[in-house]
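Per this note's numbering, the very first residue in the sequence shown carries number 1; after that it's consecutive.
One or more hints might be untrue.
As the list claims (entries may be wrong) - The following label-pair restraints were derived from C-beta to C-beta distances:
(1) E212 <-> N64: 23 to 31 Å
(2) D296 <-> K21: 52 to 60 Å
(3) T36 <-> E212: 29 to 37 Å
What the hints assert, rightly or not - Heads up, simulated DSS-like pairs for lysine-lysine below, C-alpha to C-alpha not over 30 Å straight-line:
(4) K29 <-> K42
(5) K392 <-> K297
(6) K191 <-> K180
(7) K191 <-> K232
(8) K359 <-> K297
(9) K439 <-> K53
(10) K632 <-> K29
(11) K42 <-> K20
(12) K180 <-> K392
(13) K297 <-> K191
(14) K180 <-> K282
(15) K392 <-> K191
(16) K280 <-> K392
(17) K392 <-> K282
(18) K417 <-> K42
(19) K180 <-> K297
(20) K29 <-> K417
(21) K632 <-> K517
(22) K359 <-> K280
(23) K150 <-> K392
(24) K294 <-> K150
(25) K150 <-> K20
(26) K280 <-> K439
(27) K392 <-> K294
(28) K417 <-> K439
(29) K150 <-> K359
(30) K29 <-> K14
(31) K417 <-> K53
(32) K417 <-> K280
(33) K282 <-> K359
If you're looking for bench data, these hints aren't it; they were derived computationally from the structure. The structure presented is a predicted model; accordingly, all values stated were derived computationally and were not measured. For each residue, glycine too, the CB sits at the ideal point set by N, CA and C.
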Amino acid sequence: MAEAGIKGKHQIEKALYEEKKEISSGRLKDENPLDTSPEFRKFCEACRRGDLKVCQEQIGTGININARDEYDYTPLILASLCGHYEVAQMLLEQGALWERDTFQGERCLYNALNDRIRNLLLQYDYSKSTDPLQPLAAHITSLLSRETPKTTDIVVQTGETTLDLHKFVLAARSPYFAQKLSAAPETTLWKLSHTVPSQSFETCIRYLYMSEVGAGLGEGEEEQAILTGIDKLSRQLEIPQVFEDILASGDRRQARQRRTDEVARGRDQLANWFQDNVLKYKMRVESNKADAVKWDKDNGIFADVLLRADEDEEDEEEPEQAEDNSAKIRQTNGPLNGIPVGHFQNQASRSPSRRRNPKQSVLFPCHRAMLLRSEVFDTMFASPFREGQESKHLQIIPVDCSSDVLEIILTFLYTEKADFPLSIALEVLTAADMLFIEKLKQRAALLISTLGNGTASVVEAENPRGETSVEEFIDIYDVLRAGWDTRVHRLEEFAARYIAYRLERYIDEPDFKDLVKESASRIQSRQETDTVEVIDDIRYYLSERFRLRFEDSGLDEMMDETVPAELTEDTDEKEKGLEDEGVDVTSGLTPPQQETGYNAEEGQGVVRTLDGEIAGDEFAQDAMNYQILLGKIETLMDGLGLDG
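Using the sequences provided together with the hints, build the complete structure.
Right, here's the structure in full:
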């Protein structure tokens, strides 16, 4: 007889059979559905090769990162199995499933190529890796109990229960409230039926605020009355899902999936509300007139604050006046046609005139309740200063970023979505750091470190000699300085690796010298034994680039390898004697092409180092290039008077 708590084989088989039956019937969602599309194959291949750029691009298209291929491999298992730490880290941060007590979870863990990836997997618990929308849902739920700063704008009452709520949440989540409040946006008190139990009312409101429902409904007649009230309210508010969720089975996995689906539905509803109201009604005005904008508090989108972003001034070229030229040209038959007439000093060639457009500003109508996700706005609205006070019209708060960046920030605060191009990723990073939005800052850093490499793979296995023919996608110096300023270590590592794999391009640049001095100055009270952080990182990734380590590479032996003196002398004497007899010989140590005057540069397969010397093969070339680059680093450090 099996011990208590240990399932027998037949029980496990039965459980698996029941699970497959639930999945096939549609009552249970497969967490790792089969995907044989060409796009998913491309994604899996990128995970095998460690190509972060392609992985990020495929994720951006909306591909399911938890799907599996025809061999039952998920992208996370492939990245773990092939040893690509950066890819595995990115997949986990983007919401890849990893649960320890499941078959796929254990398979991913025990297939990990090294301890570094294994430890990475163990750092991610279930809740962090499977529910990326949880922070948004938790914030919306917290608004029910948050008293300071005050952000509520309507009181909803039923019987003896009264709740201070937010019009925009009610309108976004309930079609009933959306219709009623659009007809009367100035409403501040709403009364529902007195016959509904207060617990039924609170359950429906918690559902609208993305909280979990279904627990503690009482027993017997009380439970029946509460369920009847929920049924009545759910039909009135047009939210039938709340009653269906309460009546559903209590299976933990099904409950978890229903919860995930409901949070996703709520996020989509908020995203639609944000798109149709906040972004739709943003205003573009001249900057000198922005402070004069008056927006009444009783507005149809229930906004209670305006955020302002100033645009850079733009110069606009004005075309030259064509009619003036025609009047000053001789119009006659013969060879004199077309010769200018009159005074010439006013007809000197000039570049098109430029007219400076007035500086523009963009105003976004927002809701303080959502801006509280930023610690800066949270502190600002709770302070006794102007921004925290009530006023007749909406207050205008300037934000030091462009309108495009501010729109990205607001989209993230309202919807948890963060899709933006690499070209403005540094601006988003800086603005997110300024507003203390940590998750958005990490998203921007992830985008830079994955797409910033261009077409090159993170592994760089096919380009160990730094040969690059693609254009620069980013200014790596700005990236490294942004990593320092925003305290994002990932960007510091990325920049050091990027420079190390292209060091021959950067080592002689004045900007690189300035960067090294700046890195050295970041250490306060610098001592002689202190090293320079950026140089240490570059050295590490440089050794990784050439796959060499001082301890076991045999580099010194290779670089010092020489032909024994006796052998050289004997060979020279033999060659001298044969030359006297007119015999054409080669030593075997020197290539025949060089001895016969053959131009080595025109030959096929000649391998040269960075300083132009001929190397025996590519491995010798890498070893010599490695020493050359290290020597250049030492020369640079000596020139700057720095140790380490």
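So, going through the hints one by one against the coordinates:
no., hint, result
1, E212 <-> N64: 23 to 31 Å, "25 Å, holds"
2, D296 <-> K21: 52 to 60 Å, "58 Å, holds"
3, T36 <-> E212: 29 to 37 Å, "36 Å, holds"
4, K29 <-> K42, "24 Å, holds"
5, K392 <-> K297, "7 Å, holds"
6, K191 <-> K180, "12 Å, holds"
7, K191 <-> K232, "15 Å, holds"
8, K359 <-> K297, "27 Å, holds"
9, K439 <-> K53, "20 Å, holds"
10, K632 <-> K29, "58 Å, violated"
11, K42 <-> K20, "28 Å, holds"
12, K180 <-> K392, "24 Å, holds"
13, K297 <-> K191, "22 Å, holds"
14, K180 <-> K282, "24 Å, holds"
15, K392 <-> K191, "26 Å, holds"
16, K280 <-> K392, "23 Å, holds"
17, K392 <-> K282, "20 Å, holds"
18, K417 <-> K42, "24 Å, holds"
19, K180 <-> K297, "18 Å, holds"
20, K29 <-> K417, "23 Å, holds"
21, K632 <-> K517, "16 Å, holds"
22, K359 <-> K280, "22 Å, holds"
23, K150 <-> K392, "16 Å, holds"
24, K294 <-> K150, "22 Å, holds"
25, K150 <-> K20, "49 Å, violated"
26, K280 <-> K439, "26 Å, holds"
27, K392 <-> K294, "9 Å, holds"
28, K417 <-> K439, "11 Å, holds"
29, K150 <-> K359, "34 Å, violated"
30, K29 <-> K14, "18 Å, holds"
31, K417 <-> K53, "19 Å, holds"
32, K417 <-> K280, "18 Å, holds"
33, K282 <-> K359, "17 Å, holds"
Of the numbered hints given earlier, the model fails hints 10, 25 and 29; all others are met.
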